[in-house]
Amino acid sequence: MTPPLQHGTFPLQRWRMLLKRFGWALFTILFVVVLNFFLFRVLPGDPARQGIRDPRLTPETIQAIRVRFGLDKPIINCFESLNPVKVGSCGVNPLDTQFFIYVKNLLKGDLGQSFYYNRPVKDILGERLWNTILLIGAGQILAILIGVVFGLFAAWKARTAIDYAALISGLVAWSLPTFWLAIILLFWGTNHGLPIGGKATPGMSSYPFMQQMGDLLQHLFLPTLAYTIIYMGEYMLIMRSSLLDVLAEDYILAAKAKGLSAFQILKDHALKNSMLPLVTLIAINLGFTVGGAVQIETVFSWPGLGGAIFEAVGRKDYPLLQGGFLLIAISVILANFIADLTYSYLDPRVQAD
Amino acid sequence: MKQKLLYVVIIAALVLSACGGGGAKQPAIVRIGWSNGPDSLNPGIAWLEEAYTIYELVYDSMYDLNLDGTFKLSLADSVSASADGTVYTYKIKKGIKWHDGQPFTAKDIAFSYTLYKDHTDFPTLNSYTEHFVSSEAPDDTTLVLTLDQSIPNIESRLIFLYILPEHIWKDHTGKPSEASEDSSLPTPTPEPNQSAEFENIEMIGTGPFKMKEYQPNEFIDLAVNTEYYGGRAKVDEVIFQVFSSPDVLVQAIKTGQVDMITELPNTSVESLKTAENVKVAVGAPFAPNLADIIINQVAPENCPSEADGGVCSGHPALMDKQVRLALAYATDKKKLIDVVLVGYGTPGIALIPDGMGEWFNSSIKDFEFDVAKANKVLDDAGYKDANGDGIRDMPDGSKPLTFRMNWPTSSIVGPRMAELLGDMWKQIGITLEPQAVEDDALTAKCCPALDYDIIIWGWVADPDPATLLIIPATDQIVTGYNETGFSSPRYDELYVQQGTELDHAKRVQMVWEMQQIVHDEVVYIIPFYYQQVQAYRTDRFKGWLDSEIKLALEDPTSIMVIEPVK
Numbered sequence: 002m003t004p005p006l007q008h009g010t011f012p013l014q015r016w017r018m019l020l021k022r023f024g025w026a027l028f029t030i031l032f033v034v035v036l037n038f039f040l041f042r043v044l045p046g047d048p049a050r051q052g053i054r055d056p057r058l059t060p061e062t063i064q065a066i067r068v069r070f071g072l073d074k075p076i077i078n079c080f081e082s083l084n085p086v087k088v089g090s091c092g093v094n095p096l097d098t099q100f101f102i103y104v105k106n107l108l109k110g111d112l113g114q115s116f117y118y119n120r121p122v123k124d125i126l127g128e129r130l131w132n133t134i135l136l137i138g139a140g141q142i143l144a145i146l147i148g149v150v151f152g153l154f155a156a157w158k159a160r161t162a163i164d165y166a167a168l169i170s171g172l173v174a175w176s177l178p179t180f181w182l183a184i185i186l187l188f189w190g191t192n193h194g195l196p197i198g199g200k201a202t203p204g205m206s207s208y209p210f211m212q213q214m215g216d217l218l219q220h221l222f223l224p225t226l227a228y229t230i231i232y233m234g235e236y237m238l239i240m241r242s243s244l245l246d247v248l249a250e251d252y253i254l255a256a257k258a259k260g261l262s263a264f265q266i267l268k269d270h271a272l273k274n275s276m277l278p279l280v281t282l283i284a285i286n287l288g289f290t291v292g293g294a295v296q297i298e299t300v301f302s303w304p305g306l307g308g309a310i311f312e313a314v315g316r317k318d319y320p321l322l323q324g325g326f327l328l329i330a331i332s333v334i335l336a337n338f339i340a341d342l343t344y345s346y347l348d349p350r351v352q353a354d
Numbered sequence: 002m003k004q005k006l007l008y009v010v011i012i013a014a015l016v017l018s019a020c021g022g023g024g025a026k027q028p029a030i031v032r033i034g035w036s037n038g039p040d041s042l043n044p045g046i047a048w049l050e051e052a053y054t055i056y057e058l059v060y061d062s063m064y065d066l067n068l069d070g071t072f073k074l075s076l077a078d079s080v081s082a083s084a085d086g087t088v089y090t091y092k093i094k095k096g097i098k099w100h101d102g103q104p105f106t107a108k109d110i111a112f113s114y115t116l117y118k119d120h121t122d123f124p125t126l127n128s129y130t131e132h133f134v135s136s137e138a139p140d141d142t143t144l145v146l147t148l149d150q151s152i153p154n155i156e157s158r159l160i161f162l163y164i165l166p167e168h169i170w171k172d173h174t175g176k177p178s179e180a181s182e183d184s185s186l187p188t189p190t191p192e193p194n195q196s197a198e199f200e201n202i203e204m205i206g207t208g209p210f211k212m213k214e215y216q217p218n219e220f221i222d223l224a225v226n227t228e229y230y231g232g233r234a235k236v237d238e239v240i241f242q243v244f245s246s247p248d249v250l251v252q253a254i255k256t257g258q259v260d261m262i263t264e265l266p267n268t269s270v271e272s273l274k275t276a277e278n279v280k281v282a283v284g285a286p287f288a289p290n291l292a293d294i295i296i297n298q299v300a301p302e303n304c305p306s307e308a309d310g311g312v313c314s315g316h317p318a319l320m321d322k323q324v325r326l327a328l329a330y331a332t333d334k335k336k337l338i339d340v341v342l343v344g345y346g347t348p349g350i351a352l353i354p355d356g357m358g359e360w361f362n363s364s365i366k367d368f369e370f371d372v373a374k375a376n377k378v379l380d381d382a383g384y385k386d387a388n389g390d391g392i393r394d395m396p397d398g399s400k401p402l403t404f405r406m407n408w409p410t411s412s413i414v415g416p417r418m419a420e421l422l423g424d425m426w427k428q429i430g431i432t433l434e435p436q437a438v439e440d441d442a443l444t445a446k447c448c449p450a451l452d453y454d455i456i457i458w459g460w461v462a463d464p465d466p467a468t469l470l471i472i473p474a475t476d477q478i479v480t481g482y483n484e485t486g487f488s489s490p491r492y493d494e495l496y497v498q499q500g501t502e503l504d505h506a507k508r509v510q511m512v513w514e515m516q517q518i519v520h521d522e523v524v525y526i527i528p529f530y531y532q533q534v535q536a537y538r539t540d541r542f543k544g545w546l547d548s549e550i551k552l553a554l555e556d557p558t559s560i561m562v563i564e565p566v567k
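Residue numbers (my numbering), protein chains in the order written: chain Z, 2 to 354; chain D, 2 to 567.
By construction, these hints were calculated from the structure, which means they are not laboratory data. If you're wondering where the values come from, they're calculated on a predicted model, not measured in any experiment. Some hints here could point you the wrong way.
Simulated coverage check for chain D against chain Z, where a stretch passes if three residues somewhere in it have a Cβ under 8 Å from a Cβ of chain Z [what the hints assert, rightly or not]: (1) 124 to 136; (2) 194 to 206; (3) 236 to 250; (4) 337 to 348; (5) 430 to 441; (6) 513 to 521.
Heads up, the beta-carbon is just placed ideally off N, CA and C, and yes, glycines get one too.
My request is simple: use the sequences and hints to build the entire structure.
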């Protein structure tokens with residue numbers, strides 16, 4: 002039974018919604034934690050061998066590697082392995098199964114040791130996360146700014162040559178194959194003396210800070226440009242159509258009749274109301290930011306998270322995969338949570354659901 | 002407006018990068034591009050060739066491997082072996098220092114060999130210590146290595162056993178815990194400071210270059226070791242940079258962002274040949290490798306037991322040497338090389354690639370490509386097209402000659418080869434059912450299950466031929482390395498003999514005979530041996546060794562001798 006909506010209960014209502022959302026977010030993360038573990042173990046193959054056939058590799062060695070990675074233990078009670086499915090004893094101590102060791106370590110904040118790199122997953126993800134945030138953060142911010150401004154402009158000048166030009170270029174940019182665009186930019190960049198790989202010129206670490214930053218900016222330029230072009234179109238199109246809807250409302254007509262300037266109408270009456278779809282899109286994109294942009298990372302040899310996770314699939318690097326997917330899941334969930342909060346700020350009706 | 006913004010960013014970047022800078026003499030820095038970095042700096046656990054490239058530059062081992070496949074003593078001045086070939090005594094050079102200034106002695110060598118031997122969890126290097134009984138250093142310049150039997154080519158066992166500093170690694174000697182047979186007992190806790198978990202970022206060695214900076218998956222910066230006992234390299238720094246796409250590697254050398262690339266797609270060779278100041282070099286790979294067409298020919302009596310995973314579902318026709326012979330006659334190796342490798346390969350004969358120098362049996366005359374002859378062999382053996390569908394059938398008419406053809410999904414050459422072979426063999430009335438299979442899944446199908454007809458795969462050679470020669474031995478069927486299920490008493494006998502034969506000439510003779518058997522029995526069809534293609538800039542450094550049998554411009558053999566073009 003819902004209490005009658007009164008002025009005084011408003012903050013409580015808001016808290017209750019927040020708590021509910023937060024509960025769901027936690028539940029989703031828990032679900033991902035469990036799913037992550039079993040998902041990769043259903044893949045065929047033996048991570049201790051990594052697809053390598055080598056006469057130097059003795060059965061004793063393979064066994065020793067299994068022990069080191071904890072792969073000699075049953076996956077979980079009753080199951081020795083999941084692919085091929087091998088039923089085992091159900092009476093084993095649950096704390097001595099791979100699943101519960103994984104959960105126990107996770108609770109301690111330990112993401113495990115990468116099978117492939119033999120380094121802590123936390124370290125690898127940490128290095129890569131920073132690189133990814135740098136590249137995609139810069140790309141997203143530019144894409145949002147340029148996309149929103151162009152979208153505004155196109156909607157305001159709807160059905161004019163400017164609008165059509167913006168619409169067409171937005172559609173083209175959005176539908177460009179990422180890989181192709183990146184390669185084209187790369188070729189263009191080499192002819193203009195821009196670095197085409199990595200995030201820093203090797204051997205610069207002893208140089209002064211400003212010079213290192215300059216070097217970083219140079220390396221960031223091409224991949225950021227590629228990213229911006231691809232995403233800008235999307236933001237522009239959404240902004241334009243959403244704003245067009247709002248501009249068709251009666252109250253805009255009323256504002257015009259009041260004699261308000263175009264800038265005032267946009268700023269005070271139209272913009273906030275047309276932001277809802279954009280906020281959703283930004284939230285979703287920002288959430289997936291952490292996943293990186295595999296194609297751009299590959300073309301520009303950018304050592305980001307997307308590439309790390311992509312490679313880990315082929316190498317059956319379970320701990321790295323688990324850690325990477327958990328990171329992505331958490332950031333998507335977090336971004337959605339923030340979007341929910343922003344929604345209720347932008348449109349107070351949202352929290353009454 | 003967008004354009005303007007971009008230019009502002011570019012200019013800001015250029016201005017920032019221009020501040021600072023300057024300085025006296027420019028150091029000679031070699032920049033090398035490759036598509037992957039090492040998987041680990043810890044020699045115990047690394048798999049990738051890229052890791053070994055770095056070890057060769059930073060560490061030393063007892064011997065160096067020359068580009069013609071011969072060895073030379075490196076850390077020792079001399080060696081003497083006992084008459085029965087089980088005790089080797091090395092006189093170690095004096096005055097060698099570790100990169101951190103600590104003195105290097107024979108004790109470090111003894112320590113390192115013991116470390117490799119103790120660690121069954123070192124995937125590749127542990128196997129080289131098989132037959133080692135002990136390694137001891139009675140004094141600082143003497144190392145005594147004792148074996149439990151004589152082994153030929155001791156050099157090939159020692160070249161990858163890089164010498165590690167005891168004063169650093171003594172804190173990282175933990176061995177893996179041995180899981181008990183009884184699974185109800187808890188696994189013992191592993192020893193602390195596991196060797197396999199040591200990241201070895203500092204990488205203190207005695208080699209010609211020192212680790213300066215390592216950024217995983219980005220670059221490795223090595224500085225010259227000015228006190229190297231073998232003489233200082235002529236360059237000051239070597240930088241290996243990762244470019245994750247091969248096309249970008251090609252672009253990087255064209256524009257001069259790197260001075261050498263260790264690999265490039267064969268399809269890019271033509272475009273690079275016309276590029277200014279770039280030279281393309283071709284040779285046998287440092288670790289010679291081959292493609293093989295694996296034919297399941299396991300006889301029922303050699304099929305591994307069900308408990309060992311044996312399935313043995315191979316097509317019965319492939320057990321017949323005549324059918325395999327016909328396939329060999331119908332295989333146009335030249336076309337395969339031209340199409341699949343754009344010409345950068347050499348025709349294969351048997352399991353030992355031509356890049357292995359004297360071990361390669363150059364006297365074998367290969368089955369020539371001759372479709373008519375192939376058809377005749379099959380006609381004579383009774384494989385007629387009984388039902389007129391264009392596909393030959395078993396002599397008793399029970400089964401058409403339709404073979405399953407698989408290759409690992411990671412294989413670049415697999416799909417194209419399967420298609421070409423399908424066309425070639427169709428001309429002799431044989432059809433294929435081609436399918437790519439994920440690598441591990443294919444291993445499971447392959448061996449020791451022998452649950453396939455034909456697989457396209459390959460092998461990489463070790464400096465000693467024994468690692469390739471062991472593959473067709475009968476006792477390897479059950480271990481899964483004998484992928485064809487071939488069995489020959491004479492071959493097995495030769496394998497055992499060559500494993501203890503100390504007379505080099507005699508051993509070469511045996512190795513040649515083994516190749517002859519593999520060829521004559523058509524155990525495999527070896528389509529080609531791969532060739533290595535690399536490229537370097539001619540306007541930056543000179544002296545690259547690009548005309549030896551093997552090509553490895555990233556190896557110390559080149560890096561130690563190149564010098565800047567004035």
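Structure-based check of each hint:
Look at the region 124 to 136 of chain D against chain Z: 5 of its residues bring a Cβ nearer than 8 Å to a Cβ of that chain, three or more, so the hint holds. Chain Z is given as covering the region 194 to 206 of chain D, and this holds because 4 residues of the stretch bring a CB closer than 8 Å to a CB of that chain, at least three being needed. Note: the region 236 to 250 of chain D has 9 residues with beta-carbon separation from chain Z under 8 Å; the three-residue rule is met and the coverage holds. Given a C-beta distance limit of less than 8 Å, the hint that chain Z covers the region 337 to 348 of chain D is violated, as 0 residues qualify and 3 are needed.
For the region 430 to 441 of chain D, the proposed coverage by chain Z is satisfied: 3 residues have a C-beta within less than 8 Å of a C-beta in that chain, meeting the threshold of three. With 0 residues carrying a beta carbon less than 8 Å from a beta carbon of chain Z, the region 513 to 521 of chain D misses the three-residue requirement, and the given coverage is violated.
Going down the numbered hints, you'll see the structure goes against 4 and 6, while the others check out.
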